[in-house]
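Asker: Using the sequences and the accompanying hints, generate a full structural model.
Listed in order, the protein sequences are those of chains A and B.
Heads up: the first sequence at position 44 corresponds to 43 in numbering that gives the first Met the number 0, and the numbers run straight through without jumps.
Heads up: the second sequence at position 289 corresponds to 288 in numbering that gives the first Met the number 0, and the numbers run straight through without jumps.
Honestly, I wouldn't trust all of these hints.
[Said to hold, decoys possible] Lysine-lysine pairs mimicking PhoX-like chemistry, simulated, CA-CA at most 25 Å apart:
(1) A/Lys25 with A/Lys84
(2) B/Lys571 with A/Lys59
(3) A/Lys89 with B/Lys571
[Stated by the list, open to error] Facing chain B, a subset of chain A residues (Cβ under 8 Å, in silico):
(4) Pro9
(5) Lys33
(6) Tyr35
(7) Gly36
(8) Asp53
(9) Asn81
(10) Lys84
Hints in this document: simulated from the structure, not taken from any laboratory.
Model, not experiment: these values are computed from the prediction.
By construction, the Cβ of each residue, glycine as well, lies at the ideal position given by its N, Cα and C atoms.
Spelled out, the chains give:
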Amino acid sequence: MKKIEAIIKPFKLDDVKDALNELGLKGMTISEVKGYGRQKGHTEIYRGAEYVVDFIPKIKIEIVLPADQVDLVVNKIRAAANTDKIGDGKIFVLPVERVIRVRTGEENRDAV
Amino acid sequence: MTVHLRTERDALEKLWEQGLSGRSLLLHHSRLVDEFIAGCFAGAAKNLPPETVALVALGGYGRRELFPYSDIDLMLLYHPDFRDGVKGIADAVLYPLWDSGMEVGHGVRTVEESLLQAGEDYFFLVSMLDARLVAGSAGLFGNLLLRFRDEYIEGRRDVFVEKMKEHRRRRRKRYGHHSYLLEPHIKEGKGGLRDIQAMVWTAKVVFGLSAIEDIFDAGLLSPEEQKEFTASWDMLIRLRNRLHYVSRRKNDQLYLEQQVEMAEAFGYTGNDAVLAVENFMRDVYRQLRVVAVTTDLFFDHVDEVLGLAGKGPLSVPDKEIEKGVEIRLGSIHLVLPPQQLEARPHVLMRLFLAAARTGLPLHHRTQKVVMANLALITDKIRISPRMSKAFLALLIEAESIFPVLETMLETGMLQAYIPEFSRIVTLAQHDVYHIYTVDRHSLQTVAELRIVAAEQDTVYRQIVLPQILYLAALLHDIGKGSGRDHSLEGAGIALNVGRRLGLSSAECDLLSFLVRYHLFIPENALRRDLNDAAFIQRCAETIGDIERLAMLYLLSIADSRATGPSAWSDWKATLMQEMFLRIFPYLDFSAGQTREQVEIVRHEEQGADWLRDQVEDLLAGEARPLINLASLSSDYILSFAPEKVAGHIRLHRDNYRLLRQKSLVLAQDLGDLWEILVLSSDRPGLLAKICGVVTLNNLAVVKAQIFTWDDGTVVDVLDVRPVDGLRFAEKDWQAMNADLDAAISHRLDLGHRLLKKLASGHGRRYDRGGRISPRVIIDNDSSDVYSVVEIHSADLPGMLYRITQTLADFGMNIRRAYIATEVERLIDVFYVLDAKGQKIIDAGFQREVVHGLLYALGLKEA
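Answerer: Now the structure itself:
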């Protein structure tokens with residue numbers, strides 16, 4: 000089992016969601032997050048006042064799925080979230096030890 | 000026995016299913032329980048000495064208001080000499096009750112212990128007010144009531160009322176929390192059944208009235224108010240009955256998932272625009288509001304009777320504010336005989352203005368007078384400038400705007416003055432996102448706007464017409480419930496309201512625009528790529544100017560915050576701010592390309608490359624362009640949509656020879672503005688000549704974008720307005736092109752022509768200058784590359800020609816120009832380099848340029 004964590008630009012959420020729905024992926028967790036990577040923050044000057052945007056708003060998508068589907072999903076997310084510009088985000092793939100469905104107690108493949 | 004009560008209560012539910020509801024069901028239920036308890040007691044008390052035990056119903060059971068799953072509040076009152084025997088009685092009564100599955104609250108006390116308890120526990124004291132003898136000794140019970148009255152009521156009325164009010168405040172606070180707005184608490188919430196009980200208890204203590212009917216008879220409510228109040232009370236009872244049965248427990252909160260089936264059960268229907276459940280909830284909110292307003296006014300009255308009014312920490316001296324409006328004991332009073340009020344109905348609005356300015360509430364009797372005289376707000380009064388002046392003033396002047404608008408709403412004044420507002424009163428939206436009803440959300444938005452304006456002071460200062468912004472906040476959702484796009488619908492309604500309020504047509508347009516586009520920023524900030532320069536440019540074009548942008552931005556924040564906790568977060572705030580800051584430079588005519596814009600351009604280098612590709616795609620398959628796309632500056636590429644750039648390149652290709660000698664003038668009708676594209680070859684003074692020809696042809700320049708390609712081709716785009724009232728189609732554009740050709744081949748004396756034109760009286764109506772002293776500022780800090788020449792002067796025709804000609808005489812290369820006109824004042828900003836392509840650094844040369852320009856502006860002695 001693997002977990003995919005994708006950090007993407009907020010306006011790309013719908014595209015990514017649609018792309019994953021096409022794959023028949025059943026669930027995901029979405030959160031509004033802030034952070035910075037190579038894009039860094041930036042400073043905007045407005046009428047003499049400085050607005051420092053040090054953490055940039057992003058969307059985090061989390062999906063847990065069997066290892067054999069990871070490449071497919073990662074590629075889909077990349078294709079959908081790409082604008083060829085800095086700040087498009089990152090995708091992390093993490094190992095998952097166990098997955099348990101709360102209601103039934105089913106485990107791993109049955110539980111995702 | 001136990002089985003007996005269960006069966007009876009099951010039978011009661013059957014009766015309810017067949018239509019028994021409201022107060023009859025409560026009475027029926029109380030009687031069942033009474034009979035059951037009396038039966039149990041009779042069995043156990045056969046050999047009881049007289050005057051030893053009484054069974055007393057307290058609280059809701061005492062009032063005979065027993066809802067299906069209510070607690071049974073029962074007290075065993077006994078004589079101290081009978082302490083040993085009372086246990087047997089308690090067992091005989093309470094066990095069967097418990098076994099029947101009912102929730103029982105019980106106490107076993109002597110008269111002495113009861114009084115002691117009442118002193119310690121305010122809730123017990125209050126429940127004693129509803130005490131009722133179910134069975135047993137009437138003497139014992141009578142003794143308790145007498146002693147209770149002596150010790151806790153006589154002479155202690157104001158203590159009781161203060162405590163009651165304190166609990167009321169706490170309840171309002173707790174159940175007014177936003178988690179209860181969407182799912183109202185029928186019992187404890189604002190306007191719930193508890194509010195009615197509080198009124199009855201207080202009436203008992205203060206006036207010695209024992210039931211709601213007595214309050215009516217005492218004339219505390221007008222007959223219409225009684226009718227409305229009774230209807231609301233009835234509805235709340237029926238709601239609570241059903242809630243208990245549907246939830247199968249003592250549930251008094253109307254949860255979202257129950258609302259739909261409740262609406263159906265109560266026979267509500269919906270249509271395309273409004274769901275059945277929304278109609279239902281709208282009524283629920285209305286009933287709650289009727290109860291809240293009625294009981295609020297009742298408590299104000301009690302304060303006055305007990306002399307508690309005006310004794311708060313904020314006591315204000317009595318005084319007359321204006322004729323008919325006075326401050327007395329810390330509230331605003333209307334003191335005008337009825338016939339005088341009829342002659343001066345605008346005083347009704349002045350009352351609210353006084354409340355706004357002083358921060359004091361309207362006295363409850365004054366509120367009732369307002370309610371009773373709403374018919375005075377006729378169509379004629381609605382268009383009265385005195386009314387709109389007071390109304391707009393209160394919107395921007397109120398220290399604390401929410402209470403003022405709330406009172407206007409609750410008295411019906413707001414709906415009387417702006418009848419369109421009735422459409423959204425207590426209108427509910429069945430989702431978890433909108434936690435307030437639309438009317439309340441609108442009021443909340445106005446209040447939030449006040450806070451946002453203070454927080455975002457630099458943005459707020461851009462705004463010249465704050466009253467329009469506040470009005471827009473009040474009306475932004477006025478189109479809801481129509482079934483169509485509420486922004487579009489609302490824009491039309493707002494326009495009508497604006498006209499009626501006597502706003503100028505520009506103000507009406509602004510108001511309507513704000514309502515139309517109030518979701519523009521929140522929707523796009525989250526869904527669009529804010530690094531997409533072409534998109535940001537389109538946003539700037541849609542919005543049009545800085546004031547509108549500032550207004551939309553502040554309105555968006557206020558609207559989002561007033562919607563509910565899920566509509567606002569720091570995360571969304573950052574995105575909306577980003578969008579605002581991105582659009583801003585495109586509209587900032589006075590600062591133009593300052594440092595931050597250069598910054599943004601750098602950010603968007605990748606965007607420029609992408610746009611170049613787009614242009615290339617557009618031109619694919621056509622004859623080869625005669626300019627290298629890669630040589631076009633990013634600045635230029637980012638300034639226009641790819642389609643426009645492709646258009647320029649086609650014109651350049653197809654008119655290559657012509658452009659070496661002459662010029663090409665193409666005009667386009669953009670509605671409000673006309674856009675003139677001028678293509679030619681770069682030569683000194685070209686911009687001056689263009690400006691001169693444009694003025695000669697009765698056009699005023701609003702904005703000019705000036706670009707020079709690597710091969711010396713000039714691409715200038717001017718936004719102009721006609722000053723002679725001709726329509727686009729009536730203009731002779733070819734003649735204008737001929738004029739320009741003549742001017743650039745030195746066969747047209749523009750200076751002379753313009754002078755003659757001005758002397759002949761053309762443009763005389765603009766000649767309001769003289770009061771504005773011209774100013775010239777050379778700024779080398781704002782732009783990394785260019786010197787920025789800022790010129791303030793009176794707005795006179797031909798001025799632009801003189802300025803640009805003077806700059807040309809100094810050999811200046813004008814790179815970009817913004818011409819903004821603010822009420823008779825011209826603010827021109829030019830981005831220039833000197834003849835050698837340098838900034839204007841030398842102090843002596845700077846002085847020379849300033850003097851030369853001031854001379855051109857007509858200030859001789861400079």
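Asker: Next item in the hint list is A/Pro9. Is there a CB on chain B closer than 8 Å to its CB?
Answerer: At about 6 Å, which falls below the 8 Å cut-off, the nearest Cβ of chain B leaves the hint on A/Pro9 intact, so it holds.
Asker: Less than 8 Å between beta-carbons is the criterion; does A/Asp53 satisfy it with respect to chain B?
Answerer: Result: violated, 10 Å to nearest chain B Cβ.
Asker: Does the CB of A/Lys84 sit less than 8 Å away from some CB of chain B?
Answerer: OK, holds: A/Lys84 within 8 Å of chain B, min 5 Å.
Asker: Is the hint on A/Asn81 kept, meaning its closest Cβ partner in chain B is under 8 Å away?
Answerer: violated (12 Å)
Asker: When you check the alpha-carbon spacing of A/Lys89 and B/Lys571, does it fall within 25 Å?
Answerer: holds (21 Å)
Asker: Could you check if A/Gly36 really has its C-beta closer than 8 Å to a C-beta on chain B?
Answerer: violated (15 Å)
Asker: Has the given pair, B/Lys571 with A/Lys59, been kept, meaning a C-alpha gap of at most 25 Å?
Answerer: Distance ~14 Å between B/Lys571 and A/Lys59 Cα, so the pair holds.
Asker: Against chain B, is A/Tyr35 within 8 Å by beta-carbon distance?
Answerer: This hint is violated: A/Tyr35 lies away from chain B, its Cβ roughly 12 Å from the closest one there, beyond 8 Å.
Asker: The hint names A/Lys33 as touching chain B; please verify it with the least Cβ-Cβ distance against 8 Å.
Answerer: Cβ of A/Lys33 sits 6 Å from chain B, so the hint holds.
Asker: Starting from A/Lys25, check that the Cα of A/Lys84 is at most 25 Å away, please.
Answerer: violated (30 Å)
Of the hints listed earlier, those the structure fails to meet are numbers 1, 6, 7, 8 and 9, in rising order.
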